Structure formats: C-alpha cells, structure tokens
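Participant: Fit chain V to the known structure of chain W by using the hints.
Read off the chains here:
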Amino acid sequence: MVTDPVPLQLAAELFPSGISRYAVGGLLVGLGAVVIYVGTGIPAGASTFLESTLSYVSGQSRFQQYVSSRDWRVVFTLGIILGGLAFAATVQSGVITTSLYEAGTTGELYEVGGVTFWSTAVQPWRLFLGGILVGIGTRIGKGCTSGHGVCGVGSASKTSLVGVVTFLTVATGTAQIVAAMGVSP
Amino acid sequence: MSEDRHPLFMPLILVGGMIFGFGLGFSQMARPEVVLNFLQFEDFGLLFVMFGAAIVSGIAFAVMPRIRDSAPLTGDRYERRLKPFDRNVLIGGAIFGVGWGLSGICPGAAYASLGVGNVTILWAIAGMFAGAYLQGVWRSKRAAAATAPVGAD
Numbered sequence: 001m002v003t004d005p006v007p008l009q010l011a012a013e014l015f016p017s018g019i020s021r022y023a024v025g026g027l028l029v030g031l032g033a034v035v036i037y038v039g040t041g042i043p044a045g046a047s048t049f050l051e052s053t054l055s056y057v058s059g060q061s062r063f064q065q066y067v068s069s070r071d072w073r074v075v076f077t078l079g080i081i082l083g084g085l086a087f088a089a090t091v092q093s094g095v096i097t098t099s100l101y102e103a104g105t106t107g108e109l110y111e112v113g114g115v116t117f118w119s120t121a122v123q124p125w126r127l128f129l130g131g132i133l134v135g136i137g138t139r140i141g142k143g144c145t146s147g148h149g150v151c152g153v154g155s156a157s158k159t160s161l162v163g164v165v166t167f168l169t170v171a172t173g174t175a176q177i178v179a180a181m182g183v184s185p
Numbered sequence: 001m002s003e004d005r006h007p008l009f010m011p012l013i014l015v016g017g018m019i020f021g022f023g024l025g026f027s028q029m030a031r032p033e034v035v036l037n038f039l040q041f042e043d044f045g046l047l048f049v050m051f052g053a054a055i056v057s058g059i060a061f062a063v064m065p066r067i068r069d070s071a072p073l074t075g076d077r078y079e080r081r082l083k084p085f086d087r088n089v090l091i092g093g094a095i096f097g098v099g100w101g102l103s104g105i106c107p108g109a110a111y112a113s114l115g116v117g118n119v120t121i122l123w124a125i126a127g128m129f130a131g132a133y134l135q136g137v138w139r140s141k142r143a144a145a146a147t148a149p150v151g152a153d
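Residue numbers (full-length UniProt numbering), protein chains in the order written: chain W, 1 to 185; chain V, 1 to 153.
Errors might be hidden in some of the hints.
What the hints assert, rightly or not - Part of the chain V face toward chain W, derived, beta carbon under 10 Å:
no. : residue
1   : Gln28
2   : Asp43
3   : Phe48
4   : Arg68
5   : Pro72
6   : Ala94
7   : Gly104
8   : Ile121
9   : Ala126
10  : Gly136
11  : Ala148
Claimed, not checked - Taking CB as the label site, the calculated pair distances span:
no. : chain 1 : residue 1 : chain 2 : residue 2 : range
12  : V       : Arg68     : W       : Ser61     : 32 to 38 Å
13  : W       : Val74     : V       : Phe85     : 25 to 31 Å
14  : V       : Pro7      : W       : Val95     : 18 to 24 Å
15  : V       : Leu8      : W       : Leu161    : 43 to 49 Å
16  : V       : Ala145    : W       : Val112    : 49 to 55 Å
17  : V       : Arg87     : W       : Ser61     : 36 to 42 Å
18  : W       : Ile177    : V       : Ile67     : 43 to 49 Å
19  : V       : Glu42     : W       : Gln123    : 15 to 21 Å
20  : V       : Lys141    : W       : Val6      : 55 to 61 Å
21  : W       : Thr97     : V       : Trp138    : 48 to 54 Å
22  : V       : Arg87     : W       : Gln123    : 28 to 34 Å
No lab work stands behind these hints: they were computed from the structure. This structure is a prediction, so every number in the text was calculated from the model and none was measured. Heads up, the beta-carbon is just placed ideally off N, CA and C, and yes, glycines get one too.
With the rest of the complex left out, here is chain W (with noise of 0.2 Å):
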C-alpha cells in the first residue's frame, strides 16, 4: 500500500477542500479593499452600513454621526451584493471554468433564467439570532472580519488585532459548543 507523505496526509485533513479558492478569493477581498484606499484613502469596513444606513430613518446621535459617508457606504454594499451576483453568474454557473475553484457540497443550488444560484441549509433562527448578536457586537467593538479582519489587521493596528483575538475564540468556542449541542445545519 502507499500513503501520502505525512505532510500531504496532514494538508488533506486540515484542508479537505484545499486552498486555492480560499487564497483566491482572499486576494480579490483584498484587492477589493485596496482599490478602495488607494483611489480614496478610506480603509472601507462592512458593518458601518448598518448604522450609516439607519440614519435615513432615525435620528439618534448614534446613526447621525454617520450621514457625512452613508451614501457611499450604500454603493459599496451594492457592490459587494453585485460582485457576489457576478461570482454567481459566472463561475458558480459554470460559465467560467478554473480549477482554482472547488465547489463543494454546503447548501442548495437552484436555477433561475440560466443562472445557478446558491441558498443555505442553515436554520433561519440561528441566522437572524445570530445576526442581532453580529449588529450589536460589531458596532459596540468597532469594527467586524473586513474593518478589524482586513484594514485593521492590515494596518498592524493591536486594537484590531485583539479585536480580532477576541471574535475569533469567542466564536470557535461558540460553534462548537452550538455542534455539540446537536443543533444542524
């Protein structure tokens, strides 16, 4: 019989969808954020949105403070809606094929006028729970995975790097205390 070296065994277990789609798309989020930076020096997060937009229609201090940028946090969520709609278009539908990109078998793919589209198994619950708890805890602790994670991270900022520390250990534990309970997808 022959088995893979160690290290290859090791790699499969660690990552059993490889990695080439996750280093891809990690340079497109980048590539994403810097565009952003260079043409306009803002190191753009996600989670503001959430309060720049509710300043449309409140008008607490909190959501206020927010209106000079809520246009164009607006667009920039468009776009990211957008891109994952090209993403969806394209190489999800096979139109574009690569073998950098592993398409694995989470959730449920269905068909609309041609386009393949995809939809989580995940419980609705679980999702708007877990959402309230995202909008809180993002905007109490300054930032989410692309301010802290992307900008913040890149930025050699320690504030976001214990941000970072933080969300990630408090969520590990979190999911598999949740896995552990029984409770899937």
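Facilitator: Showing chain V alone in chain W's frame:
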C-alpha cells in the same frame, strides 16, 4: 471629505465593492456552512481568506503613505486604520463572536451571500439591522444622559 466629490468617487467605490463581493463568493465565505466548518475546526481554509486579504491590504497601507500625500479622488491623507483601544473592543468582539459562531455570517459576507442567491440570509441581515438599532438607541440615550445638566429630571 468634501461636499462635491470627484465624479469617479462613487463608481470606484462600486467597483471596489464588486471585487470584494466576488472574492467573498469565490472563497465561499459567503456560505455560512463553510464558516461554521471553519469554526468547528473541520476546514481551516478560511484562514487564507482573512490573512490573504489582510496581507494584500497591508501592502497598500504600508506603501501608499510613502509614495503619495493624498488620495486622488478625495484629497484625504493616506492613513492606517487605527482605532483607540478600550473595553468596548473586548465586549463588542465577544458579542460579535457569539453571533458569528451561532450563525456563521458576518456583515460583508452577508451582503455577498444575498448576491449569490441566498435569500434566506435576509434573516441575518434583518437581525444585524435590529442589533445595530438596539445598541444605537441605547448608546444615544446614554450619551444624552451623560451630557444632560444635573437635576434635569
């Protein structure tokens, strides 16, 4: 930032957002299942998304301030993303962590998830707005109470 922005300001934000969203789709970070698999130590690939993106942006944060004084579309100075540390970073980070671990979704990935067709993610986005609203109302009230003259009530 000035009132009259460069005509290319919004188009550039849109293009940057699209590249960002395409990357979240390609990496499958827009899929809560993939994030949960990562958090449950079943697939560590997501580290490449976060650190890959941080390294790419880190190069720009390090280089741009040295080669140019200000950004062409805003005239703003190139600065790093530095925020003051206080207890809130830990408290908020922990609350965010519980939410992320429960749902497998964070704000940017949620917007991209909607784009790849995940209509169910509207539950998470609705939750995020509700959470952001709750903390905003509470903190606005607290800020107002702190600045109100003593004995005002």
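Participant: If a hint holds in the structure, say so; if it doesn't, say that too.
Facilitator: Quick rundown of the hints versus the structure:
| no. | hint | verdict |
| --- | --- | --- |
| 1 | Gln28 | holds (6 Å) |
| 2 | Asp43 | holds (5 Å) |
| 3 | Phe48 | holds (4 Å) |
| 4 | Arg68 | holds (9 Å) |
| 5 | Pro72 | holds (6 Å) |
| 6 | Ala94 | holds (5 Å) |
| 7 | Gly104 | holds (6 Å) |
| 8 | Ile121 | holds (7 Å) |
| 9 | Ala126 | holds (7 Å) |
| 10 | Gly136 | holds (4 Å) |
| 11 | Ala148 | violated (13 Å) |
| 12 | V/Arg68 - W/Ser61: 32 to 38 Å | holds (35 Å) |
| 13 | W/Val74 - V/Phe85: 25 to 31 Å | holds (30 Å) |
| 14 | V/Pro7 - W/Val95: 18 to 24 Å | violated (32 Å) |
| 15 | V/Leu8 - W/Leu161: 43 to 49 Å | violated (33 Å) |
| 16 | V/Ala145 - W/Val112: 49 to 55 Å | holds (50 Å) |
| 17 | V/Arg87 - W/Ser61: 36 to 42 Å | violated (21 Å) |
| 18 | W/Ile177 - V/Ile67: 43 to 49 Å | holds (48 Å) |
| 19 | V/Glu42 - W/Gln123: 15 to 21 Å | holds (19 Å) |
| 20 | V/Lys141 - W/Val6: 55 to 61 Å | holds (59 Å) |
| 21 | W/Thr97 - V/Trp138: 48 to 54 Å | holds (50 Å) |
| 22 | V/Arg87 - W/Gln123: 28 to 34 Å | holds (33 Å) |
Comparing the model with each numbered hint stated earlier shows that hints 11, 14, 15 and 17 do not hold.
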